[in-house]
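Following the hints, position chains B and C against chain A.
Single-letter residue listing:
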Amino acid sequence: MNFAGDITVVAPRDAVFKALSDAPFFASCIEGVRNLEAIDATHFRAILETRVAYLRFKFKAEVELTQLSPPELIEAKVEGTPFGIVGRLTAITMTRLSETGGQTTIHYSVDATITGKLGSMGQPVLKAKAKDMEKHFTERLVAAFAIGGRGTAH
Amino acid sequence: MTPFDLVEPASLKEAIALIDPDDPDVRPIAGGTALMLMMKAGVFRPTRLVSLRRLRNGLSQITSTMDGELKIGAMTPLTAIEHSSEVKRAAPVIARTMRRLANVRVRNVATIGGALAHADPHMDLPPVLIALGASVSIAGISSERSMTVEDLLTGYYETALAKNELITELRIPTQGNSQAVYFKVTAGSVDDWPALGLAAAIVSEGDTVRSVRLVVSAATSKPMRLTAAERALNGQIANEVHLKRVADIAAEEADIIADIRGSASYKRELLRVFTARAVRAAMEPRGAPH
Amino acid sequence: MKAIKPQVGHQVGRSLPRLEAREKVTGRAEYTHLMQLPGMLQAKILRSTVAHGRIKSIDTTDAKKIPGVFGVYTSDDIQTVIPDPYYGPAFHDQPILAIGKVHFVGEPVAAVLAADPHIAEQATQRIIAEYEELPAIFDEVEAAENKVLVHEELKPAGTFADLKHLKGRKGTNIALDFRLRRGDVDKGFASAAHVFEHTFRTQKVLHLALEPYASIADYREDGVTIYSGAQSPSFVRTEIARLLSWPENRVRVKVPYLGGGYGGKLYIKMEALAVALSMLARRPVKVALTMEEQFYTITKHPSTFRIKSGIDKDGKIIARKCEVWWNGGAYADVGPRLTQKSGFTASGPYDIDNVSIDSYALYTNLTPAGALRGFGIPQLVWAYESHTDMIARALKRDPVDFRKQNLLHDGRPQATGTILKNAAIEKVLDRIAERLNWKKPFDRGQGVVRRGRGLAVALKAVISPTTSVAVVNIAADGSATLYCSTVDMGQGSDTAMAQMVGEVLDMPAESVRVVPRDTDVTPYDMGTLGSRSLFHMGHAVRLAAEEARDKIAALRRELGEPEGSNAPLGDLFRKKYGMQAGNIVGTGIYKPDYIPPDSSGLTTNATPFWMVAGSGVELEVDTETGHVRITRLINVADVGKPINPKIVETQLSGASLMQLGFSMFEKMHVDGGQITNASLADYKIPAIHDVPPVMENMTVDAVQDNGPFGAKGVGELATFGVSPAIANAIDDAIGVRLTELPMTAEAVLRGLYVKNNRPLGDD
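Residue numbers (the working numbering), protein chains in the order written: chain A, 1 to 154; chain B, 1 to 290; chain C, 1 to 763.
There could be a bad hint or two in this list.
Unchecked claim - Ranges of calculated distance between the beta carbons of each label pair, as one might list FRET restraints:
#1 Ile92(A) x His165(C): 36 to 46 Å
#2 Tyr54(A) x Ser211(B): 31 to 41 Å
#3 Gly27(C) x Ser211(B): 52 to 62 Å
#4 Pro693(C) x Asn234(B): 38 to 48 Å
#5 Gly84(A) x Lys13(B): 27 to 37 Å
#6 Lys56(C) x Tyr54(A): 28 to 38 Å
Quick caveat, the hints were computed from the structure, so don't treat them as lab data.
Virtual Cβ for every residue (Gly too), placed ideally from N, Cα, C.
Only chain A is shown next, with the shape it has when bound in the complex (with noise of 0.2 Å):
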């Protein structure tokens, strides 16, 4: 599953550099997202927990910053498995800053997989919903900077 995109922001690239790769905000922007734990500067465990209508789906990830090259890349690598069911998760995300004037534009892939029962018969569900959490996203980091610096909107 791949998905990419840009979305522009009101403000300046450090900033934005700064607001992403602090993981209590990031996470913030992402919906479903909770006990987000460090266990150390670049290593990060959450659960993840989301709904399509009725369906739910949980998963326990851990999150590794594997580069992050201030003012402009950031790049990170999820792993998760789904409670009570066999499968995994995994994600490589990659977000690259550009600035013009004093807008920032994150340019963001992410090339996620899922594989077990999930991936070989639920892929319709879950591509739905990537989507939906792709909006999500956007909409949270969009209004984050809107507020003016940066805010930790939930």
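Then chains B and C, alone, in the frame of chain A:
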């Protein structure tokens, strides 16, 4: 599959009472054809299923009223709708659509209420029903309400129903001079889920479109009215120049989703082509086969 | 002295309905998937979620606690009863449960036993397996670069002499490379007037028999009985005996009917796991897979075929270079055999002096690939018949004439050097052309819907050498019973064999009892595969029946019966033994001659018979949507003299419809090694509405001189030409050439848009 409770209430009231509105793992089950697939896929693991089986008697009538409105009980199996002479008279597009809908084994078991509550955007009936202007009656714990099918279906597997509401009836208003068609465009085998569904209902006077409803499905997250395309077509002469413009508008207005049945670009082309084909077909003199 | 006139009439050549038809349609036929044994436990499998990885740990504690769970097992447990639990027909590389590493998403890692399969399934979801992920490789051409290795070391079985040199080979994903060199292709290309090169690809698809894999093992101290939907019971017996270090006669394999096979149920699938679990549990164990799990068991080989031809100024193909990469998945199964055997005919049914063939079997981190109806030939024909057609069109030659100019004929050497014999290629080509009215003008249309026609012909060498043994047992009342291990998986083999017994013994085929496969009773057969059974087992059956017949004749002579007497057998027994009691038993063993290829892939005896077939297609293309509608599908084959014309017709029809799905829409979608459409809800196979409105299935007038009653096999034939015939017809209709399968409507439309210089977007 993990074990679950199966309860079989004898009345609508009892059934509604058994569904906990806050517990997504409790679900009503009618024919079960769609729910079973979700359970096999592991995306739905219920703790309790509330079977509506015993509600069949009161809720599977097909009647047409004096003014030509068609009423279909929510527990009516699709096959009964397929073969009903009332349905054929009131809305022949439904019987035609049934021929390629899933397969005969599914149609024998699946119910119209269950199909609508399932809200899978690939299904064939919802776009047709929206084009026909259909609405549903909904029973809740202490009240009843109704809404159009268009308003009922809100997203991928999402409806406007509260968790403990059940659809009791489908109503299709009299169609008058409206002619409706449905194109199921498959990309794989003939009996595949569609890559694109397109329903059109048009009242025409000669070459002029007096009223039109265009609904796209399968390539979108829910069946959607192509309102900009409808506006461009309404009141117009449906000549090739206008149809091309309307088709282009339709292709741009829908938010197309790519999947294994087709890329977004390809589905957009299908939408462009079939918008024009559907309008042409819906404007053909009555009785012409589609 | 008059010869005894046959009283019953010829049994071969009869279009007899299948002997088991009534049993099947009334629901009485037995299938492994439905069998129950007393005390039986059911197994459910935990499968790998990683395409390539080291197993760090497998925690079964929670699973074991679930009430009703009999036991939870990993390879550690398996190895206590089978110390070296690797199996496979060509390589002993596939472990019963993953050991140390997993090599594809879906690989069996652990198993749960319970009396209730739902409990067993629930328990598998509680097993926690942790993996250290390793880089994975999925593409066959990339795999050949050996930058990411699937296995540390190769493990050839040694059962095939020509694979011995691979033992211990390391540092490569190439399980086998077959090479054939005839003449000098480089010289050929240098002197050619035209040189054409194209690359073709095929996708991962699978058999999807309606009855998924199922095996039951009942282990006792003194022997094990295995019930399995298996196409090669003798192999199962040999392989299980090897795994257990037992003599073969302690392993009994019983095979009822199969709900379809198509090559997927060959060699070992679930049998070894069932045996190992039964040994551990001391109870009968059934391993019965779901439809979804078939996607993780065995599939068809995806392929990449780069083909280059040199044509002289007169239109003769003087050189052809073939490079084929076979995507074998994580375990070899029969892939190396397929790579080699298909290599023999990779250059097609053409008379070419200079041929170079390189065929590589590659390991990748995907579900293993094995035998699927056609055994690699459909993939090769897809390439060479598309390529040949493209050359004809480029040279403005008629596609039929161009082929005829270059076709192989009896008496000429095929690429291996074997002289062609009883290969009615031109007859097949001519018949297809005739049925397509090729010489008549064809209206391609001018509107949105365009029409086109195309055809393709192909050649296959049957797998050799292989052995078949049959026994015909005649009771004292003259009734005949046939014991042979050929598996009737719906192709009608029982009926055909009964017809051959009836032919020799002058009795109606319906009166011959064909005993269900049981290795305690039915003798050795290499396997029901590759369209070999009619020829090989047919000969064995014929020989067995002839021996029985000869013994009866000898008994008559011994008892002084007059020549030409047909006194009933019972009378003869009474004369000799005093009562109507006893048997006459005839045995037949057949193994054809064969000369293995030398280091240049050449041999003067590559195959005991050639398989020849082709297809022709008329179709319509909707140029606004890319949809292709096949209006006529014509399948023509050379089967020698058909034993049962009706069954032959249905085999041609069925094979071509199977191939139609592979051609037009089937595809296993893979994302990060995970199959993402592993269900019949999303992976569609042809159904009644996909059948072309007009289908013609026929054979040409031919004889297989060395075949039983002049016949040879038919099962795979109509898979050969379908794909390229369709691609050729699409090219004919709209000038768009597809070089990858499947030929979806989207692929056609994209081709059209590229041709019109406004390509569709990539999203």
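Against which earlier hints does the structure fall short, listed by number upward? none
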